[in-house]
Amino acid sequence: MTALEKPDLYELDGTGPGLKLIFGRCAACEELHFPRTGYGCPRCGARPENVTAEARAGQATLLTFITLHAKLAPGITPPCVVGEAEIAPGMIEEVMLSGGAEQYRDGMAIVARAEEVERDGETRLACRFAPKEEV
Amino acid sequence: MANLSDMRPVYVIGVGMHPYQFASDTLYIDMGLTAVRGALEDAGIAFPEVESAYIGCTGIGMAAGRIMFNHLGSTGLACTQVENASASGSSAFQMAVLEVAAGRRDVSLAVGVDKTGDQLRAVQKEKVSRLSDTATIPLVKYALMAEHLKKEKGLSAEDLAMVAAKNHTNASKNPNAQFRKPRTVEQVLASTLVAGTTTSLMCCPRGEGAAAAIVASEDAIRRLGILGGKPIRVTASVLQSETPQVGREIPSVTLAQRVAEMAYDEAGIKATDLDCVELHDAFAIEEILYTETFGLAPKGAGQHFLRDGGSAIGGRCCVNSSGGLIGQGHPLGPTGLGQVHELTRQLRGENGERQQPGARIGMAHMIGLGSISIAHILTKD
Chain E
0 MTALEKPDLY ELDGTGPGLK LIFGRCAACE ELHFPRTGYG CPRCGARPEN VTAEARAGQA
60 TLLTFITLHA KLAPGITPPC VVGEAEIAPG MIEEVMLSGG AEQYRDGMAI VARAEEVERD
120 GETRLACRFA PKEEV
Chain W
0 MANLSDMRPV YVIGVGMHPY QFASDTLYID MGLTAVRGAL EDAGIAFPEV ESAYIGCTGI
60 GMAAGRIMFN HLGSTGLACT QVENASASGS SAFQMAVLEV AAGRRDVSLA VGVDKTGDQL
120 RAVQKEKVSR LSDTATIPLV KYALMAEHLK KEKGLSAEDL AMVAAKNHTN ASKNPNAQFR
180 KPRTVEQVLA STLVAGTTTS LMCCPRGEGA AAAIVASEDA IRRLGILGGK PIRVTASVLQ
240 SETPQVGREI PSVTLAQRVA EMAYDEAGIK ATDLDCVELH DAFAIEEILY TETFGLAPKG
300 AGQHFLRDGG SAIGGRCCVN SSGGLIGQGH PLGPTGLGQV HELTRQLRGE NGERQQPGAR
360 IGMAHMIGLG SISIAHILTK D
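If you read the sequences in order, they're chains E and W.
Read in numbering that gives the first Met the number 0, the first sequence has 53 at position 54, and its numbers run on one by one without any break.
Read in numbering that gives the first Met the number 0, the second sequence has 93 at position 94, and its numbers run on one by one without any break.
Keep in mind that the hints were calculated from the coordinates and are not lab data.
Ideal Cβ placement from N, Cα and C applies to all residues, glycine included.
You can take every hint at face value.
List of simulated lysine-lysine pairs, BS3-like, C-alpha gap at most 27 Å:
(1) W:298 with W:150
(2) E:19 with W:124
(3) W:379 with W:269
(4) W:149 with E:131
(5) W:172 with W:229
(6) W:126 with E:5
(7) E:19 with E:5
(8) E:70 with W:124
Per the computed footprint, the stretches of chain W lying under chain E, defined by three or more beta-carbons under 8 Å from a beta-carbon of chain E, are:
(9) 146-152
(10) 187-194
Go ahead and model the full structure; you've got the sequences and the hints to work with.
Here it is in structure tokens:
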């Protein structure tokens, strides 16, 4: 089976290409955060042992998006689309979008799904968001 | 927290620069010594009068200052290297100012010098994954904000191009600038598209160079016989780091507003008192955002302030008369000190064809990756 590119951030949800996002839940402050790290809670500073993983449906609201025309990072092949999305109430993250910009509009529902990418000569499953109705 | 206004007065008594330029074979020591000797000559003092030095750099390596100062005579001065990403020079300046303000030294030097290094960032060693491969690239954050404001407030690509054209044209009159060609809005729009509506000429270049400033106490100014209106007082020096994002505003923009308000409070001024501002325009959208957060224009009206000529030389408050990071350049270590160089010359009335008429109060502002925000207010007594 093809390995996930960033298994610390997401996992397959068992429905084909669908992904769940892995948040951190802090027992000390009870707040949710993303991404979960090995360092503890970024909200209250609690130690890592206070944070547990919480997998949540990879659903988000797209806020804004643009097309990147230059190769700004090793992992991207321009033109490609990135956006800002609300992945949980009040939590805004930059996300990579599947396909071209013409299929997106601000405020639409998007979902996380696994897409194959090449990394150092190997195939990996990366997280790309797509319009919800497509899935 | 003690305010600068509660401490003894500190003045900039000399500034110097080595022009910013694209990557070359010029040694960092040659660039740094040019800036330091320029500042010494400008102040009219000899190097042994300098009691301490702070060197801001990001891409040279350990102990850059000690090696450079050996070539000015081994005076035994206190020497500290400062790294704070793009704000390294600004932070070196803050260290020098605070040391003199606290009464520990009478004359201190801040110098920023940099070569285009390996650009290695600590975030690459954090071992924290992000959903987007461009999540830690500031250009993408600001291009997304520009897109949001395009839909929200009617900000256009032409507005962004107008910022860049103004700053490139200011830089064309600045012998220390990396870019020396005046640019039109059409030329900026026609340059290579990078992200969203942001084109290459709306982004600052990478490069190298050096800038220096010497600060001194009133006692030292009297002792060294520095005359007339040359010393420019530093009336505020503020640095803070960002807090988590709330809503749509980029944390560094929220932070910049907080730092500016703290600086105004420390200097005892209002935004409307500013005559000239050098701000962190790594990307054109930033200048529009910061003119709003600094209170130079109402929120959401930054582009109108620009279009109406408010930020032009001769406008209500000239912004980036040096050419800013977009035009003068952004070699990282020196950038904040290049701003101090520009403002000092503005407030002395020595800025030639880039002179803001009647300039008395100026603010230098930088963002450092991470992010931190730092502001200094300079005042002609």
